[in-house]
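Protein chains in written order, with our numbering: chain A, 2 to 366; chain B, 2 to 366.
What the hints contain is simulated information worked out from the structure, not anything from laboratory work. These figures come from a predicted structure and were not determined experimentally. Hints should not be assumed to be uniformly reliable.
Which copy is meant is left open, so a pair is good if it fits within one copy or across any two.
Stated by the list, open to error - Quick list of in silico lysine to aspartate or glutamate cross-link-like pairs, DMTMM-like style, CA-CA up to 25 Å: (1) K253 / E300; (2) K107 / E278; (3) K107 / E75; (4) K135 / E260; (5) K332 / E221; (6) K208 / E308; (7) K7 / D307; (8) K196 / E329; (9) K19 / D67; (10) K107 / E73; (11) K63 / E217; (12) K107 / E308; (13) K6 / E321; (14) K172 / D307; (15) K253 / E308; (16) K253 / D307.
Protein chains: 2
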Amino acid sequence: MVYPKKFDWEKLQSFCSKIFVKAGVSKENADIVAESLIMADLRGVDSHGVVRTAIYLERIEKKMIDPLAVPEIESQDFATALLNGNNNLGAVVGTKAVEIALEKAKDRGAAIVGVKGSNHFGTGAYYALKAMEKNMILLVMSNASQTMPPTGGKRPFIGTNPLAVGVPAGKETPFLLDMATSVVARGKIIVAAQKGIEIPIGWAIDKKGRSTTDPEEALEGAVLPLGGPKGYAISMFIDILSGVLTGAGFGKYVYNMYENWEQPQNVGHLFIALDIERFMPIEVFKNRMDCYIKELKAEPKSEGVDEILIPGELEFRKVEERKQHGIELPKKVVSELDQIGKRYSINLLDAVICEIEEREEMNEC
Amino acid sequence: MVYPKKFDWEKLQSFCSKIFVKAGVSKENADIVAESLIMADLRGVDSHGVVRTAIYLERIEKKMIDPLAVPEIESQDFATALLNGNNNLGAVVGTKAVEIALEKAKDRGAAIVGVKGSNHFGTGAYYALKAMEKNMILLVMSNASQTMPPTGGKRPFIGTNPLAVGVPAGKETPFLLDMATSVVARGKIIVAAQKGIEIPIGWAIDKKGRSTTDPEEALEGAVLPLGGPKGYAISMFIDILSGVLTGAGFGKYVYNMYENWEQPQNVGHLFIALDIERFMPIEVFKNRMDCYIKELKAEPKSEGVDEILIPGELEFRKVEERKQHGIELPKKVVSELDQIGKRYSINLLDAVICEIEEREEMNEC
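Just chain A, same shape as in the assembly (with noise of 0.2 Å):
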């Protein structure tokens, strides 16, 4: 088989939502799903794109993920709710949470709600995103399994527990931080291993907690936060606000989507939404933003560096190429797909681009 690299973005979500269709899932909520899954891939961040649908196909195959469970709001208050996503599909969890707070801070200027009974939700980018097209800005918070020792600890304990938080501009690209807790993405440590190069000091520790630039070793031992002490902090924080509070799993009790088919993950989310307009007019807002995104960009710039980005910039710059000249995927993810579909009896090949001069060695196309 020769494996077609691009697809039409449309079309590649519009695959996936009906393999989530076939799975169970409502076409309401397996279009939230797809759309996250392709949000990630548009930006560039593959590793949340497509490639995560088997696992989540997994999980609801084995009944570790209910995709029939109505997620519930246990709690609430003018400015708080607590939503119990029932153990359904993250993304779906996630953007009821986001429609619930959103809708409070447009009637009451601010709201926070915690999730409990949640999954992977794939990017807080996703969540974040929806708030800036209501002008709103949007804190997103999430747990994660365990992947980082605390400093001074040598095992995994807390999570790369990810923050994003978005807020809109006017005539400049928005800002859009969304970002893992970790130094860096375990992802990397596997490639240096591949390439046989060393990793900088400060990215891993080995299994008996010490410092390495070893891959192979690093790969036994953990990654670690961002910043030392602080970044262990912040990661903490996260789970205390998405675990601890919420009655969602933390530490230990987040468990991991592809080691543990005993139990449902019980990931908890945070989200803080606020209005802008209660602080003042979103065109004033909007102008003040510009100001200072045009500021920040014509800072000096250090040596050898072409632009100074704004956090997200490179990612809304990605959107644009992909949605215009299609995603590539790697034949790895291609084949999961492609091997998905058949089984759904869904055909990957209906979403992929045949541009001419590609379209010899497509011959599926």
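Assemble the complex: chain A is given as a structure, and chain B must be docked to it using the hints.
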């Protein structure tokens, strides 16, 4: 003159308060500012303690701070408020904002209060502790004058914009994060320069934006955000929420407390308050926090590590120690406070601890 070293925290607080009253601050507000400074010294955060008395006074004397101003709520809704500090002292304005945030969060579950027209507000921990006493969680952010370059830049543009979060626990020491968003305090680079030793790669850049291990070159350049682009992004979102959103200064429009004598600082803050009981009964929450902290502290330790610490734990121990044995101040600070005392006819020596074994060398006692 022989300089006494150790001071009784309550007497030192009283000394500071009296000084501020003499400088034109109301008794109530003078007590707040003095408490915030002494709290920092008690916690071992000497950089934000009574060492700041002189600059606060100088800014009052030179009309850069208005100690008679009344902070005003410019707009509010159920879960939000925008407070204009009208250029009163930062601790006074911050305390007022936190009172509003906690009151609203008690009523509505959560609240976000933005602040403009403020000044250097001391440590974020001071405000987080007020919330913890009331079984609430407070996120504290403030912007600050320019210290760090954006990633790729070579001169200061953003401040070391601090973030603090406090979370109460039951029997265990509570969680209290309070950090600047820089890799390291500039003070550590000054110490390295004095000792003539190299600083690690990653702490700072020289004035051309190149990474440097030379502390002298670093001091002419800029300290870097923690964790590279991630710290830059965190610092930037704090500036956006504290400054752009509130109408305060941001970027270069937050003026340096020590260098700018033309205009008020116009610092901005943002406080997010959350009432834990909206999510679960406080005792259940505190038990969950205790469980989390106990499990974390029991993790296996890296070689050479005596104890795994929770953010804020060392500082809580320091408070106990200094309340019992006194606050030790460097000669330079004692001399400065002594001169201030003489100028305002308040005797600093009233705050000295005269322990028997030290009496001989403290002839002023």
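Structure-based check of each hint:
1. K253 / E300: Close across copies (11 Å), not inside one copy (44 Å); limit 25 Å.
2. K107 / E278: both (9 Å within a copy, 23 Å between copies)
3. K107 / E75: both (21 Å within a copy, 19 Å between copies)
4. K135 / E260: neither (38 Å within a copy, 40 Å between copies)
5. K332 / E221: This pair counts as neither: shortest intra-copy Cα distance 27 Å, inter-copy 50 Å.
6. K208 / E308: between (39 Å within a copy, 18 Å between copies)
7. K7 / D307: Intra 29 Å, inter 53 Å, cutoff 25 Å: neither.
8. K196 / E329: within (23 Å within a copy, 54 Å between copies)
9. K19 / D67: The answer is within: 17 Å in one copy meets 25 Å, while 64 Å across copies does not.
10. K107 / E73: Classified as both; 21 Å inside a copy, 24 Å across copies.
11. K63 / E217: Classified as neither: same-chain Cα gap 32 Å, cross-chain 61 Å, threshold 25 Å.
12. K107 / E308: Answer is neither: 36 Å inside a copy and 46 Å across each miss the 25 Å cutoff.
13. K6 / E321: So K6 and E321 pass the 25 Å test inside one copy only (18 Å; across, 63 Å).
14. K172 / D307: within (21 Å within a copy, 53 Å between copies)
15. K253 / E308: Only across copies: K253 and E308 sit 20 Å apart there, 42 Å inside one copy, limit 25 Å.
16. K253 / D307: Only across copies: K253 and D307 sit 22 Å apart there, 43 Å inside one copy, limit 25 Å.
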